[in-house]
Every structure is written in structure tokens, then in C-alpha cells.
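Working from the sequences, and respecting the hints, build out all of it.
Respectively, the protein sequence lines represent chains P and B. Read in numbering that gives the first Met the number 0, the first sequence has 36 at position 37, and its numbers run on one by one without any break. Read in numbering that gives the first Met the number 0, the second sequence has 77 at position 78, and its numbers run on one by one without any break.
Don't read these hints as lab results, they were simulated from the structure. Note that the Cβ used here is the ideal one computed from N, Cα and C, for glycine as well. Among the hints, erroneous ones may be present.
What the hints assert, rightly or not - Using C-beta positions, here's what the derived DEER-type ranges look like: (1) B:Tyr-281 - P:Cys-26: 39 to 45 angstroms; (2) B:Phe-412 - P:Cys-26: 45 to 51 angstroms; (3) P:Arg-25 - B:Gly-382: 19 to 25 angstroms; (4) B:Gln-407 - P:Gly-18: 39 to 45 angstroms; (5) B:Lys-203 - P:Arg-22: 21 to 27 angstroms.
Said to hold, decoys possible - Straight-line C-alpha distance at most 30 angstroms; calculated DSSO-like pairs for lysine-lysine: (6) P:Lys-23 - B:Lys-287; (7) B:Lys-18 - B:Lys-203; (8) B:Lys-287 - B:Lys-68; (9) B:Lys-9 - B:Lys-230; (10) B:Lys-68 - P:Lys-23; (11) P:Lys-23 - B:Lys-385; (12) B:Lys-5 - B:Lys-230.
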Amino acid sequence: MGAEIQNILVALILAFCVGYVVRKVRCFYRNRKTAGNKCAQCTSSCLLKELNRK
Amino acid sequence: MNLLIKEKTKKIDRLVTHKVWGVPIFLLLLLFIFNVSFTLGTYPMMWLQSLLNQLSQLLHQHIPDGAFKSMLIDGAVNGAGGLLVFIPNIVLLNTFISLMEDSGYMARVVILLDKMMHKIGLHGESFVSLVMGFGCNVPAITSTSGVSSRGSRIIAMLIIPLMSCSARLPVYITIATIFFPDSTGTVLFSLYMLGVLMAVVMAKIFKLFLFDEEDIPFVQELPIYHFPSLKQTAEHVWSKTEHYLRSIFGVIMVASILLWGLSYYPRPTEDMTPAQQKEASYIGQVGKFIEPALAPLGFNWQSSIALLSGVAGKEIIVSSLMVLYDDKMDNVGGTNLAQRIQYVDPTTQQPPLTPLSAYSFLVFVLLYFPCVATLTAISRETGSWKWGAFALFYTTALAWLFSFAIYQIGSLFL
Chain P
0 MGAEIQNILV ALILAFCVGY VVRKVRCFYR NRKTAGNKCA QCTSSCLLKE LNRK
Chain B
0 MNLLIKEKTK KIDRLVTHKV WGVPIFLLLL LFIFNVSFTL GTYPMMWLQS LLNQLSQLLH
60 QHIPDGAFKS MLIDGAVNGA GGLLVFIPNI VLLNTFISLM EDSGYMARVV ILLDKMMHKI
120 GLHGESFVSL VMGFGCNVPA ITSTSGVSSR GSRIIAMLII PLMSCSARLP VYITIATIFF
180 PDSTGTVLFS LYMLGVLMAV VMAKIFKLFL FDEEDIPFVQ ELPIYHFPSL KQTAEHVWSK
240 TEHYLRSIFG VIMVASILLW GLSYYPRPTE DMTPAQQKEA SYIGQVGKFI EPALAPLGFN
300 WQSSIALLSG VAGKEIIVSS LMVLYDDKMD NVGGTNLAQR IQYVDPTTQQ PPLTPLSAYS
360 FLVFVLLYFP CVATLTAISR ETGSWKWGAF ALFYTTALAW LFSFAIYQIG SLFL
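Here it is, written out as C-alpha cells:
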């Protein structure tokens, strides 16, 4: 695997990671603005699900 | 049959909810659980570490040198992947906690500690939320909506971040197993107790200066004791482990790779050593900028950056340490963070962290600002960003003061 291919792969993965963070922040902000408990769903959906089940 | 069980429940309750012996029994049980979890968990932990080392070596041999190889080994395998080794400890600890909850003992502990909390002015109704905070601070804050008095509710929300949530556990395990291998369980126990103690003290202070209201008694029906079912315990433990695994392969992996990118670029000139390159990287420049504020606590720039990355989620601190102390930095090789974090720098003759600064680091992680999700939850539930901001500043100030005192006073003796 040449250095150029490695650089392209890294650029793609880093772009995906930045996109992931942007999506999380947008989801977080949108839910915070709209309704109640949804804001926590971005970060601790499993725990909230568990809580509701109990 | 039912009468017999009720009779047995009464007999057990006489001992475990005893006004003198009840609390010491609970504390001893916790100490036992922490120590057993770490003693038993050491072996599978070592196997997982050896598997990770092999994977790292395999990648090292088969992929030619370059940015992608570095990202894969330093960012993904050593960074986020390094957290996989703590799964046995987390499974064991969650199994014990689940057994305590499902058997009906935890409900007794709530009642037992509630009596004590009332004596020092903490509201009974909010106590269940505090206990929930050991799992995750966010649902714990949301659950305070059942507290009738607004003052007590805000106090509960402000002190919940001091309850050591499960996201902080990997940080404690990592640092404690490296620096205190013979007393890992005891160190963990001391951190949990310090968190509870600080919550109690802060509640008292808030009650004195912010909200002076009367207590409302706490009422809870106690279930009878029973043997937890294997299925229920397994479900409980799996639910928590799954959450941990999802974090590792989700947000932690992304954070590790981004942090790797910030520590890999800009690329160094030929005459730079790996350590100099790290310092000249984007993250190194930020770390050097914030280092003076945390240097009196015994933290270097890598530890400072790891703490900063914990704003998004406390689990990220460990993967950040693993990325920032990568094996190229000090040429000690291997994927073992223990070797890298204790490596004595030939120029300064100092390791990055000593047992004293490591404990100061753990106390800082315990007390400093809650994650973004917790702060948002406080602001939303109180209806004002001011309370969120207040929680951020008071916890960080508390963490700084405590870590400063531990490191500076400890330095006089050690």
C-alpha cells in the first residue's frame, strides 16, 4: 500500500469522523431545542431504555 | 412458604439495616466486591492485552509504514481498542451490583443511607436519584422530577455529577491498575467514598446558602429478599456491557481517531524526535497552552488534553491517554500503556505520571466538570443555563482545589 493511498484512506476516515461529530452535535442541539428527555438519547439511549423498562 | 420468606427477610433486615452495623456491613461488602472484581479480572485482562499486542504486531508487520498504518495501530487498536481489556472487570463489577439490586439488598441500602442523609440535611426523596447517578448522571438528573420541593431538586441535580458514573470506571481501572497494582480495589473504593462524601458536604453547603427548606420524609416499600434469576442478572449485565461496547466502537473510536489526527499532523521535519513532533502537533500546541493551569496538580500536557477530551464523555480520557502516549514517543515499544506512562524521560528524569500525580489525576476525574450531556440535562431540568454553568464551574473548582491539595501536600512527604 503506497503512501498516497494511505493518505487518501486517512483523509476519508477523518472526514467520516468529523461528519459523525457534526451529526451528533446537530442531533443534540435539535433535541435540546425541541422536547424534554430526547437530548439524552444521543448519548445514553441504552440507559434510558433500561430505565423505561424498569 | 410466604410467611417463612417474610420471617427470613425480617431476620436478615435486623442485621443489614441495623443502625450501628448496617453501614459498616455495606461498606465492607463494597470493598469486598471491588477487590474480588479486580483480583479475578486480572487474568482475562492480561489475555485480552496479549491479544491486542498480537493484533498490533500483525498490523505492524503486514502494512507498510505510513499515515494509515499509524492511524490503525495508534488511533484504533491502541487507542479505542485498548479499552476492550477492561471488559472482564466491568462485567464482574456489574454482576455483583446486579446481584445486590435484584436480591432486594440495594433497596435496604437506600433506606439505610437515607436516615444518615437526613441527619446532614439532604432530602430523602432525591436519594434514589443520587444512587442512580452511579450508573449514568443524565437519567439520574431527569429522575429528580419526582422531588416535590424545587430547592431540594436543584440541590440533588447539582450534586449528582459528584456520584461516580460508570463512564469514569475505565479511567479508574486503567490508572489504578498501573500505579496501584496491589490495592486497585481499595483505591477505587476510596474514590467512590470521596465522591459520596463531597456530595454530602456540598449538599449541606447548598442547603445552608442557597435553599433553606424543611425536609419531607422518604417512604419506600421494601421488597422481600429473593435469589436473583440467572436470566435477569445476565440481561442486566449484558445491557451495561453492550452500552460500553457501543461506546468503544462508536464515540470513543471516532474521538480516538480524531485525536490521533490532531497529534499526527502537521508532519515533522527530518531532525525532530517523536516526542518533539508530538509537542509540535496541533493537539500538542493546545496541550502546551493549557498545561500551566494543570501543572500544579502534577499533570503534563498529555494528561491535560486527556482531561479536556473527557468533556464529551469520561470514557474518552483513557483512549486519549493511549493515543497521546503512543509507542513512538518514547521508543519503549509494545501497546502497554503502563510501560509508556511510567517511562522515565532521560532529559527530565521524570515519568509522565507518578503514583501521587496519578491519584491526583483520579480525584480530578472524579470531581471535575460533568460531561456535556449532564450539563445539558441540568440546564433543561432547572429551566436555566445558569445552573448548568454553575455546576460546571463549582465542580471544576472543587476538582482543582482537591487535586492541588493532594499533589502539593503529598509532595512534601513522598
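Going down the list of hints, with the structure as the test:
no. : hint                                     : verdict
1   : B:Tyr-281 - P:Cys-26: 39 to 45 angstroms : 26 angstroms, violated
2   : B:Phe-412 - P:Cys-26: 45 to 51 angstroms : 49 angstroms, holds
3   : P:Arg-25 - B:Gly-382: 19 to 25 angstroms : 23 angstroms, holds
4   : B:Gln-407 - P:Gly-18: 39 to 45 angstroms : 44 angstroms, holds
5   : B:Lys-203 - P:Arg-22: 21 to 27 angstroms : 42 angstroms, violated
6   : P:Lys-23 - B:Lys-287                     : 28 angstroms, holds
7   : B:Lys-18 - B:Lys-203                     : 22 angstroms, holds
8   : B:Lys-287 - B:Lys-68                     : 27 angstroms, holds
9   : B:Lys-9 - B:Lys-230                      : 27 angstroms, holds
10  : B:Lys-68 - P:Lys-23                      : 27 angstroms, holds
11  : P:Lys-23 - B:Lys-385                     : 24 angstroms, holds
12  : B:Lys-5 - B:Lys-230                      : 24 angstroms, holds
Hint compliance for this structure: hints 1, 5 are broken, all remaining hints hold.
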